[in-house]
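Trainee: Sequence:
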Amino acid sequence: MVTPGFRPVRRRYARVVHAVLIVTAALFGAVTGALTPRAVHRLSVPSGEPWRSTGSDGEPLPTGPRGWMGIRPGPRPVFPALVGAGCAVLLAAACGPAPETVLWVFMVPGTMVLAAVDIAVLRLPDVLTLPLAALAVLGTGVAALLPGAQGSWPRAVAAAAVLAGVFFVLALISPAGMGLGDVKLAPGLGAALGWYGWDVLLTGVFAGFLLAACYALFLVAARGAGRRTEFCMGPFLLLGALVGVVIGGLVV
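Here the UniProt record's numbering is used: the first residue of the sequence shown is 1, the next is one more, and so on.
Hints listed in this document are in silico derivations from the structure and should not be mistaken for laboratory results.
In this text the structure is predicted, and so the values were computed from the model without any measurement.
Some hints here could point you the wrong way.
Stated by the list, open to error - Estimated spans, in silico, between C-beta atoms of each pair:
1) P154 x G58: 50 to 58 Å
2) D126 x V31: 21 to 29 Å
3) R223 x A149: 42 to 50 Å
4) R52 x A213: 29 to 37 Å
Every residue gets a Cβ at the ideal spot worked out from N, C-alpha and C, and that includes glycine.
Please work from the sequences and hints to get the whole structure.
Mentor: Take a look at the structure:
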């Protein structure tokens, strides 16, 4: 039993831990976000073509990890650094000092690369979607074993399977609207959202489709897009998942 005198101390300690977590997440998001342009450049190729091995100037890229992490080639690193820091801070602030928060923050740079590649070439590479799905499913399993976990691993696994199945059916019905890359992205999103609950899963998926619908209406109004016009779904699904996880972290 904790005496009343210790409760303010515990609350202050919890606030300090949360603040340290947010600052650490901001630094991690900023640094890793700034290093994503090289991976985006290498993976932004049409389906069936090999990944790029040279920079925009034609010079060979370094081998090993340095060949995938770097601020060049690509836009100035300030923007991806801000995006990475913003997403990481949002997740850390909403989800608090729970074990799954580390997983969500760790997934930020990979999801940033996925979104950027999909915007560039309308493609979600298997080299990222499949490891992301495995990381989400296995990572939530590890988080469930640690003290302070705020979700359910069996539900996360079930949600991953359900969302993948739903997206697969949608891809069969409308291949122009839902690609196989989106289907492979679904298990990772489903595990993260389902961790907090089925209502959070529905909220995140609905938010993603709502954002995609708004963008589609913009394309119709501003650029005269038609029913056969293809556009990227991945970034909106990822944004919807971010919304869902943030809501889940706040309400749990």
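Trainee: Does the beta carbon distance between P154 and G58 stay inside 50 to 58 Å, or does it fall outside?
Mentor: Taking Cβ atoms as reference, P154 and G58 lie about 51 Å apart, which means the hint holds.
Trainee: Look at the Cβ atoms of D126 and V31 and judge whether their distance stays inside 21 to 29 Å.
Mentor: 26 Å, holds
Trainee: Starting from the range 42 to 50 Å, see whether the pair R223 and A149 falls in it by beta-carbon distance.
Mentor: 46 Å, holds
Trainee: The hint says 29 to 37 Å between R52 and A213; measuring C-beta to C-beta, is that right?
Mentor: Distance hint for R52, A213 holds at roughly 33 Å.
Taken one by one, the earlier hints all hold for this structure without exception.
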